[in-house]
Every structure is written in C-alpha cells, then in structure tokens.
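A.B. asks: The chain contents come next:
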Amino acid sequence: MELQGSVTLPAPAQQVWQALNDPEVLRLCIPGCEEVRQISPEEMHARVTLKLGPVRASFVGKVRLTDVRPLQGCTLNFEGSGGSAGFAKGSSVIVLTAVPEGTRLDYSAQASVAGKLGQIGGRLMDASARQMADHFFNAFKAHITGGASTTPPVVAGGGTAARSAATPGSLAVESSRLLWFTAGVASTAIGVWIGAHWL
Amino acid sequence: MKAPAFSYARPSRLADVLALLERHGDDARLLAGGQTLMATLNMRLSEPALLIDMQSVTELKGLQVSGKMLRIGAMVTHSEIEASILVAQHAPLLTLAAPHIAHRAIRNLGTFGGSIAYGDPAAEWPACLLALDGVVVARSLAGERRIAACDFFTGLYATALAANEVIVACEIPLAPADQRVAFDELARRHGDYAVVGLAASAQWTQGKLDQVRLAWLGTGHMPLRSIATEQVLQGQRLSDPLLALAVLTLRNELQTEADLTHSAAAKQHLAGVMLRRCLKALAAPAAATV
Amino acid sequence: MNEPQDTDDLSTAAQTVSVTVNGMRTQHNVLPRTHLIDFLREDLGLKGSHLGCEHGVCGACTVRLDGQIVRGCLVLAVQTDGRQVETIEGLSDSGSIRDLQQAFIRHNALQCGFCTSGMLMAATELLQTKPQARREEVREWMSGNYCRCTGYQAIVDAICEVLAARESARHAGAAA
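Residue numbers (our numbering), protein chains in the order written: chain E, 212 to 410; chain L, 114 to 403; chain G, 3 to 178.
Keep in mind that the hints are not guaranteed to be accurate.
Derived coverage of chain L by chain G (criterion: at least 3 residues anywhere in the stretch with Cβ under 8 Å from a Cβ of chain G; other residues may be distant) [claimed, not checked]:
id: 1; stretch: 211–217
id: 2; stretch: 297–307
id: 3; stretch: 358–371
By construction, these hints were calculated from the structure, which means they are not laboratory data.
Glycine is no exception: its CB is placed at the ideal position from the N, C-alpha and C atoms.
Put together the whole structure using the sequences plus the hints.
C.D. replies: Below is the structure:
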C-alpha cells in the first residue's frame, strides 16, 4: 500500500523539528500510543494499541532513520508486529519545506503486510491509514499551536487515491478482510507517523 | 482459530450492563449478535478480559410504533426486521435492504444496534438510517441521549457513541403516505459486503421528487449522503436529462475509494448505475422495488 | 445482590451450561471461550457438523439454535444456557428431512460430504420459511454455504426438486 500526504504547520522548521524529536510529543499525538522509547539516535521503539471497529490489537513498532538531512527531511524504515495479527514493514520519505504559513511536511510511504494481515485484501486499508494520519496531524498541530486547532490539517489524502499494493488473498473472505487489513494499516500507519515525526 | 480466554457475563438488566462497562472499560466487550465480534475474537484481533452478553436484557428488544416513530430495539435481529410487518409498513426501506445482509445464519443473530454501533461503511443499516433521518438512542450511567443519524457516523468505524454508552434503540420516523424508497447493492456474491450500494428515499408529490435522500454504502470510509446530487433532484420531475445531470453531479461529488476488487473509478461508475436504477425504482408506481 | 468483585468478573473459569440438544437436556461445565461447534463435537461427540473457516463464512458449522440456523463458530456454548440446539443428527433422526436427504443422494449433491450437514441445515430453513422459493432465491439463500466438490448445481437441483414435491403434496393434500 502507498500513502501520501502533506500538512502545513504554523511554526518554523526548527520548532517542528524539535517537537518531532521529542518522544513525549509523539506518545501524546499518536492515537493509542502507550510508549515511545528512544533506543539510539537513529532508532525508536513504540507500543501502540489500535482500536478500529471491532479490532483491538497491540503493535510494537521499531523505526530506523537513514539519510538524515537536518531540518529538511529523512527516510525512515519501519517494522511493526501485531503479534498473532501479523507483521508490516515499509519505508517513508519525509520532506520539510519552509512556506509563508510556516512549515510544510510532505510524506510518502510504502508498506507491505505479511502473515495473517497479508492474506486478506485491504478493503479499508487506505481509508484507515488516512484517518489515523489525520488524527495524528490534528493532535500534532494542536500541540504545536499550543491549543485546540479549529482548522483541520491539509492532508492530500483524497487526490492521491492510494491503491492497495498488498497481495489479494485468494480467499478474500468477507468478514475477516476488513479486520485484518485495518490492523495491517495500523501497524503500517504507525510506522508512517513515527517516521513522519522523527526527523 | 479459537478465541482467547475471557470471562463471560449475561446480565438481565441494562443497569448491570452499564455498571460492568463502567468498571472494566475497554477490557470488556459488549456482545450483541456476536457476528462481527466473535469473528474478531476467533482471529485474535481482540483479546478482551470480559464479554458482556446482552441477549437477556429485554429492554433492548422490541419493535413497536412509539408516537410518530418506529422504535427498533438494539438487540432486534436482522431476520426479525426482515420478517416484520410493522417494518414493511412503516420503514419499507429496511425490508428491502434486509435480504442483502450477509446470509441467513448471520441475520438470525446479528443485531440492528450492533450494525449501527460499528458503522461499517459497507453495511446496509447505517446507510438506511441516514436515508430515513433516523435517531440513535444511547444510554450510559449518566442518562440517555438521542443522536441524529447525520451526526452519528463521524469517520471510519467512528461514531458519536462514547466508550461508556450502549445503544438501546434506533428510531425512524414513520413513513409518510407519499414516501417512496429504493435500495440496491452490488456485490460479487450475494451476501458479500457491498461494492457499491444505495439507500434512497423521497417524497413523491404530484410526480415531483421532494426531500430526496441518497445514502451510499461501500463507496468511502463511512456511510454518507450525496447532498449536491439530492439538491439537483429536489422538486424535479424525473426525466432522462435529469438522470444524466444527477449522475454527472454524483460523479463530481462522490469521493470513492478503491478496495480489493474495484478501483475508485469503477466504484464511481457503479455508483452512477445504482443511482439510475434507484431513481427509476422511485418513479415506478406503488413505491418500492428491487 | 452484592456487587461482584473485579476478580469474580474476570474469572475465565468454566461455567455451568444447561442446554437442550436434539431434544435432550444436558448439563456441562464449559469454558466461556468454547464455541458451540466445539462443544457439540468434542464434549457431546456430535461430529456431524464440521469446522471450516472458524469465522462465520463457510457454513460448515451451521446448526440450529432456538429453531433458527446459526454459525456454530460464532456462538459460544455458554450463550446457549437455557436454550435449544439442534444438530444434523437430531434433524436426520427426526425423519423430517428424509426427502431432502434422498434428493441430495439422487442428484449427487454430495461428494466428500464435508459441507453437507451445513447445506441440509440451511436448506431446511429455506423449505420452512420460503416454501415457494424460485431457483434464484434458492441460490441466494444457499450462498452462505461453501462447497469445494460439487459445483453447487446439484445441490440447488436437489433443493428445487424438494420444494416442488412438497408444494405438490400440499396441493394434493388440499384437494383430497
């Protein structure tokens, strides 16, 4: 699956950069995040509980940073394991650009899901990834502006109709596909957010 | 596979359900029909400590006319709605939609309240509730509140329901004499989740459409109405040019999302097909078809 | 009634289930997590119903609860306390679907037999609730049960034949 988006934050790049480097900020902004730990300058671990519809799954994610260009961007490589639910991994490219309104953050992520999650097609994978990204950016923007933000972030989710790149399972059994794939999205999207904000 | 271990309670009073929910929060799961929850547990995509079975709470059953509304208890099953004469009389859109829900064995246990609480974008009842301007009645230990359908569904599997609330019933305005309804759904196999579906209702006044409601399922991340398309049809007589305009308006308005089997463009096209079929059905004499 | 303590609430220990199965009342201690289908097969030895997907899609586990078909994998045994369950063994022994079973054999509507009990359960409810179903309705109704062997046509043929035969018998009975 592919997920692309962009958000404009009303703050200078330096402030955005600092906030994104703060594990506590990430813990507060990632929905369902219980823990974020910095292991080394290039690596973070996080534990997130996904609640989506009937699904309640705990994911453990690890993000490794490469190609760091301070205040400009980087690439993140992430892995997320949902225990018996399955496994997801991928990478995300983050770019920060100064704009009159503050800083624009563009992200472009690719991910694959394996195990149970990978068996069933993603009816709602893109939609749930986008929703989670929206939640994160709303919270992050609110944090940056120091209060409740009334305008939603401009997330270019709609136009970039991300198509599921996951292998469609030959069974595609109805009652399970959305469950598994929303869980798959979660572990993927977690990597994206962690990545998007770990610069 | 097998569900993980959990505890099980079957209270007979709603107050006890709410008390358990309050005490255990998200460690507990409400068990209504179980047709979604049990599949989730079997997949180990949720491992709650406690299931709160609501099958014995009589307050949640019941299908009756209450004032100007048809009140459907949260634990009323899809099959009960399918067979109900009251529903056929006062909310025939539900009667049309019911046979499309999964398969008989699922319908015998699955509940109206459960379907509304999840708000699955490809489910039939949320779209029907939207099309009929229904109301969700929710109860918590703090009391009861009523939430209009148009305010209830807020995002992907996201609803206005608070974590400590239970849906007790849904209410639907009794169908006025000149109301017409239509429902159609495309699925690869009968009973599959909708690829695209439409729940439509309108007043039919002297050959003109009034109060048009077009509620879509399977197109995006939540059930929603295509307001601009409804407005294009408002007060008009159905004609081929109007149909064409409506389909064009819909194409611009409806943001479809791809899924496993269909691209966003395919869904766009199919939504137009559904719109044509349902509008023609509305125009057909003696109300509902399909 | 005392407020139950947290530890009581969350005990995953077995609970007593008193359920009527195929007309006989029986009492067992069952873990809450146990599916009805596993309870029937393992605790009661009623192996006529089968386990397929375990998430409600294939229909191999179809049994009857309070007179209605349900997925045995989506119902917990503890939920059936005080209720009535009927399996293919009971249905078959009752003789009430003999015509359906014979039609299945005549039309070769079973090969390995794995889906058959579920098919018969589902078909029985169709015969009861839609005695005038047309072929298309039969196909829609039965689409909740998967078969890997027969290609379904023979199953639909058998059910249609029984629908017609029973309808004729009703008319003959009315005319007599």
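A.B. asks: Which hints, by number, does the structure contradict?
C.D. replies: 3
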